[in-house]
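There are 2 protein chains.
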Amino acid sequence: MAQKPSIPKGTRDFNAEEVAKRSYIMETIKEQFQRYGFQPIETPSFENSETLMGKYGDEGDRLIFKILNSGEYIEKFNSNLVYIIKPLIQYFNLGVNRKKEDEGFNLKAYFKELYKDFSKEVKNRNSNFFIEEKLPEEKFIIDLLEIIDYQYDKIEDFGFVVEENIEYAVSIVFSDFYFALKSNYLTAYISEKALRYDLTVPFARYVVQHQNEIEFPFKRYQIQPVWRADRPQKGRFREFYQCDADVVGSKSLFQEVEFVQLYDAVFTALKLEGVTIKINNRKILSGIAEVIGAQDKLIDFTVALDKLDKIGEEKVKEEMLNKGISEEGISKLQPLFSMTGSFGSQIGQLKSILSSSEEGKKGVQELEFIEESIFKLGLKTAKLQLDVTLARGLNYYTGAIFEVSAPDGVKMGSIGGGGRYDDLTSIFGKPDTSGVGISFGLDRIYLVLEELSLFPDTITEATKVLFISFGDAEAMASLQAVSKLRENGVKAEIYPDAVTSGKQMKKQMTYANRRNIPYVVLVGEEELNAKTFALKHMETGEQQTVEFKGLLKQLQS
Amino acid sequence: MAQKPSIPKGTRDFNAEEVAKRSYIMETIKEQFQRYGFQPIETPSFENSETLMGKYGDEGDRLIFKILNSGEYIEKFNSNLVYIIKPLIQYFNLGVNRKKEDEGFNLKAYFKELYKDFSKEVKNRNSNFFIEEKLPEEKFIIDLLEIIDYQYDKIEDFGFVVEENIEYAVSIVFSDFYFALKSNYLTAYISEKALRYDLTVPFARYVVQHQNEIEFPFKRYQIQPVWRADRPQKGRFREFYQCDADVVGSKSLFQEVEFVQLYDAVFTALKLEGVTIKINNRKILSGIAEVIGAQDKLIDFTVALDKLDKIGEEKVKEEMLNKGISEEGISKLQPLFSMTGSFGSQIGQLKSILSSSEEGKKGVQELEFIEESIFKLGLKTAKLQLDVTLARGLNYYTGAIFEVSAPDGVKMGSIGGGGRYDDLTSIFGKPDTSGVGISFGLDRIYLVLEELSLFPDTITEATKVLFISFGDAEAMASLQAVSKLRENGVKAEIYPDAVTSGKQMKKQMTYANRRNIPYVVLVGEEELNAKTFALKHMETGEQQTVEFKGLLKQLQS
Numbered sequence: 001m002a003q004k005p006s007i008p009k010g011t012r013d014f015n016a017e018e019v020a021k022r023s024y025i026m027e028t029i030k031e032q033f034q035r036y037g038f039q040p041i042e043t044p045s046f047e048n049s050e051t052l053m054g055k056y057g058d059e060g061d062r063l064i065f066k067i068l069n070s071g072e073y074i075e076k077f078n079s080n081l082v083y084i085i086k087p088l089i090q091y092f093n094l095g096v097n098r099k100k101e102d103e104g105f106n107l108k109a110y111f112k113e114l115y116k117d118f119s120k121e122v123k124n125r126n127s128n129f130f131i132e133e134k135l136p137e138e139k140f141i142i143d144l145l146e147i148i149d150y151q152y153d154k155i156e157d158f159g160f161v162v163e164e165n166i167e168y169a170v171s172i173v174f175s176d177f178y179f180a181l182k183s184n185y186l187t188a189y190i191s192e193k194a195l196r197y198d199l200t201v202p203f204a205r206y207v208v209q210h211q212n213e214i215e216f217p218f219k220r221y222q223i224q225p226v227w228r229a230d231r232p233q234k235g236r237f238r239e240f241y242q243c244d245a246d247v248v249g250s251k252s253l254f255q256e257v258e259f260v261q262l263y264d265a266v267f268t269a270l271k272l273e274g275v276t277i278k279i280n281n282r283k284i285l286s287g288i289a290e291v292i293g294a295q296d297k298l299i300d301f302t303v304a305l306d307k308l309d310k311i312g313e314e315k316v317k318e319e320m321l322n323k324g325i326s327e328e329g330i331s332k333l334q335p336l337f338s339m340t341g342s343f344g345s346q347i348g349q350l351k352s353i354l355s356s357s358e359e360g361k362k363g364v365q366e367l368e369f370i371e372e373s374i375f376k377l378g379l380k381t382a383k384l385q386l387d388v389t390l391a392r393g394l395n396y397y398t399g400a401i402f403e404v405s406a407p408d409g410v411k412m413g414s415i416g417g418g419g420r421y422d423d424l425t426s427i428f429g430k431p432d433t434s435g436v437g438i439s440f441g442l443d444r445i446y447l448v449l450e451e452l453s454l455f456p457d458t459i460t461e462a463t464k465v466l467f468i469s470f471g472d473a474e475a476m477a478s479l480q481a482v483s484k485l486r487e488n489g490v491k492a493e494i495y496p497d498a499v500t501s502g503k504q505m506k507k508q509m510t511y512a513n514r515r516n517i518p519y520v521v522l523v524g525e526e527e528l529n530a531k532t533f534a535l536k537h538m539e540t541g542e543q544q545t546v547e548f549k550g551l552l553k554q555l556q557s
Numbered sequence: 001m002a003q004k005p006s007i008p009k010g011t012r013d014f015n016a017e018e019v020a021k022r023s024y025i026m027e028t029i030k031e032q033f034q035r036y037g038f039q040p041i042e043t044p045s046f047e048n049s050e051t052l053m054g055k056y057g058d059e060g061d062r063l064i065f066k067i068l069n070s071g072e073y074i075e076k077f078n079s080n081l082v083y084i085i086k087p088l089i090q091y092f093n094l095g096v097n098r099k100k101e102d103e104g105f106n107l108k109a110y111f112k113e114l115y116k117d118f119s120k121e122v123k124n125r126n127s128n129f130f131i132e133e134k135l136p137e138e139k140f141i142i143d144l145l146e147i148i149d150y151q152y153d154k155i156e157d158f159g160f161v162v163e164e165n166i167e168y169a170v171s172i173v174f175s176d177f178y179f180a181l182k183s184n185y186l187t188a189y190i191s192e193k194a195l196r197y198d199l200t201v202p203f204a205r206y207v208v209q210h211q212n213e214i215e216f217p218f219k220r221y222q223i224q225p226v227w228r229a230d231r232p233q234k235g236r237f238r239e240f241y242q243c244d245a246d247v248v249g250s251k252s253l254f255q256e257v258e259f260v261q262l263y264d265a266v267f268t269a270l271k272l273e274g275v276t277i278k279i280n281n282r283k284i285l286s287g288i289a290e291v292i293g294a295q296d297k298l299i300d301f302t303v304a305l306d307k308l309d310k311i312g313e314e315k316v317k318e319e320m321l322n323k324g325i326s327e328e329g330i331s332k333l334q335p336l337f338s339m340t341g342s343f344g345s346q347i348g349q350l351k352s353i354l355s356s357s358e359e360g361k362k363g364v365q366e367l368e369f370i371e372e373s374i375f376k377l378g379l380k381t382a383k384l385q386l387d388v389t390l391a392r393g394l395n396y397y398t399g400a401i402f403e404v405s406a407p408d409g410v411k412m413g414s415i416g417g418g419g420r421y422d423d424l425t426s427i428f429g430k431p432d433t434s435g436v437g438i439s440f441g442l443d444r445i446y447l448v449l450e451e452l453s454l455f456p457d458t459i460t461e462a463t464k465v466l467f468i469s470f471g472d473a474e475a476m477a478s479l480q481a482v483s484k485l486r487e488n489g490v491k492a493e494i495y496p497d498a499v500t501s502g503k504q505m506k507k508q509m510t511y512a513n514r515r516n517i518p519y520v521v522l523v524g525e526e527e528l529n530a531k532t533f534a535l536k537h538m539e540t541g542e543q544q545t546v547e548f549k550g551l552l553k554q555l556q557s
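Protein chains in written order, with our numbering: chain A, 1 to 557; chain B, 1 to 557.
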């Protein structure tokens, strides 16, 4: 039976027009990346799991797509499982249960004994049926205790008295074994690879792995898809592209300056004028926290501050209070809430607010340098704005923080973001390598360009001319002309079937219309003999008879 | 502890030069695809498993990368597993074993009873602990029989007498449960998505899913990565790109003609002259099989014939004999083995060999039409060659079969292939849609271009000029010049740190050298005051002092 075709939720097919529009954005970004001296790299779609796991927090780990090992992937797990199962059965059969444990029975010691016996037995048999990768004793015992703990709850929830239903209890233990271990225990055995979750961690891995082939400072760009097992919703997909540019190996603030310019250059090239590049600095946030005596509550503090736009001053203060920030501290924040004016005047206010914090002052200095440089260099269409509430994954960034918002009047989250991180590569063994980078949100930029009708008409123009012929000889003559047109760079097609009826003629003209092909060439007997072509402009309906030279001229224009 | 970074076997990182070279090939192919009227589409990296599974044979199914479901993925499996485990335990505990079965015990009936009881019990408890997706009775029984059959062998291999070691036997049954079911049973429960294995099946799915938005004949191209869990070896990767162009919805042989032209156009554009486009037709292979009385052995016959190049005439005949093709039949093949001469003369010989087969004659006619058309149209640099031994996944193709080999003297497998398939979309519910397509082997084309030094020098040129400055004011002046250069399309960089020592000077010059940056601009106090730039050509060592206008002119040339 035929399957009803569909694609996984959160993924998309792209038709010709969508591919063309997406390419236009990516090529524009790429062109500017290259002008700024960034070099492309590409990394594999999947990485070893240990490269990705633990880099994005628990939530991130959960959202990483894992790839099942190939072949008899469960074998490795089973060869360990058997160590656990026999003592479990004995445990149930012996009626060693919680009650006994409560009465002072030493479960751990009991399993230690079991493990010894069992190891010996396996060894004596000298069989490799069991052993692929031996479970260490400690792990074995912890696993057992965890399972049994979990199982008892389950079994009792289900209404069993374990002692009276040994067989049944055992069956549940086994059936539930994997479940008890929350799947991620099993995952480690049956999956060793995972799909790329972002471009930053693979980039860090790349830098360390290839450090001897790289010249630092290393300016790289990377435009590739990433995958996240997030709940799909409007504008959020499970497969989407990231467009990143980063520099590693330089602490110079000129990098930040250049990234502001780069944002301006890309959005100007896309004719998306009036974007706002918001900038902040982690050191300023730390400084403020210090000043209000909430150094230890930096995250709570910034999470609350970040919401100022959405929930307003009063609610922000309320949240801070709830998180244990003192009233006195919050009152010191007052100037922050009422901070207005130009970049320069805000810098002045920050200097006064942060006068007692060395780190805060450092952050202000950095911002000041960037702003002054940009002032001297000028921006073409973007605005640079200080936004002291901007945090964006604070734990990650150590200096500048960037975020770009669409022009006023367009409702859309950020269309770009980035910042400086001082120690990204140390997880892979290369410490003290400062980096700074920015990212472009392809899907959102697409939506903004669509909303503002900023895609150039030309990018969706596909085929320029369709040849329609009225017989085999005419088709051959058409194909000869089509070949020459193509050699001269004209996108040309021939309708594969000759026209032998009025109905077919209509069908082929309709095809040209629906495909938005601007010109049709008709080749009948007359044209064949005269070596001419009847060229019809589809929009105006005008038709002219031309020789090949005229045809080429018309179609190249 | 820092991880030693690595990537999964069979995958690759690409550095800037490799990305540029790969892009060059892909862009060249894309340009020609578009000139021929093909439109781009893109499909998701992963599809629903049922879209891919069963489409590439058992071996293909095995090589498809499966993605583990998110969340508590094992729950669904466990809720079924419990149906199987309880009766299994009862079975062992009751001592119902093979011996009893041998004595006439009806195992199937016994399980049928067990299933009934168990279902009832579960129902009575009215619990949803067990049931997420109920196993149908038939499946349940088959699974049980399979497991037990398998287990007995295993257990006895291991040296147990089952009856004397019930506990142990049970433990092995469970530990081995997944293994017994060969992992792929489990896979169906814990994985619902799989990585794209080729571009053809997703294309077929796309055509059916979007048939109402598509104008037929539909000419599409698609350039995207695919993934295969194949054993990696030289030139074979687990992630690689495919570049496909297909037409669906037309049976016209002009399509085949255009694909021959397209191959010629692409390889000419890549300056890879002298490739051979080999062509055959499935109908000719069927015709030959018919003529020698081996219609029922078409696959064996073509597999053997396909090896003619590698193992020679005698061994091919031997293999055919072994596969049960008659001596008389093989003797009729003799003209095939000694077939030489031009395309046209081989067509003549085939006509004589296949005179008694209608299908064979049809195949010859098709080839003749294609050859005559190509003769009239001319090829720019490629040769068209009839190769009656060409088979390429025969079951797939129904008409023309294509394969492209590298120019003589380059040792490399095929660098392209394709053919006509008459019923690709019927698996997704759209029958009678003929298609024909070709594919380009990106990785192999890359190796050939590398071997023959055919990559243009320009494609690997990255940054054109590096600015080196001797202080903050100089850096700002440099950045102003760099900005203007970039606006004018020049790829320009500024070294982020100012030079304050001879050592740093050397370091920055070395950086320019290693990055193959052809020009360096030095900006010191003198230049700053005079508003000039010291432009140094790295290869010649020549240095000149220029104003910005002169600088731009020099760098744009």
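Any given hint might turn out to be false.
In this list, chains with the same sequence are indistinguishable; a pair is considered to hold if it fits within one copy or across any two.
[Claimed, not checked] With a cut-off of at most 30 Å between alpha-carbon atoms, the simulated DSS-like pairs for lysine-lysine come out as follows: (1) LYS503 with LYS21; (2) LYS271 with LYS332; (3) LYS376 with LYS484; (4) LYS21 with LYS491.
Derived by calculation from the structure, the hints in this document are not laboratory data.
Each hint tested on the structure:
no. : hint               : result
1   : LYS503 with LYS21  : neither (35 Å within a copy, 48 Å between copies)
2   : LYS271 with LYS332 : neither (42 Å within a copy, 71 Å between copies)
3   : LYS376 with LYS484 : between (53 Å within a copy, 13 Å between copies)
4   : LYS21 with LYS491  : both (18 Å within a copy, 25 Å between copies)
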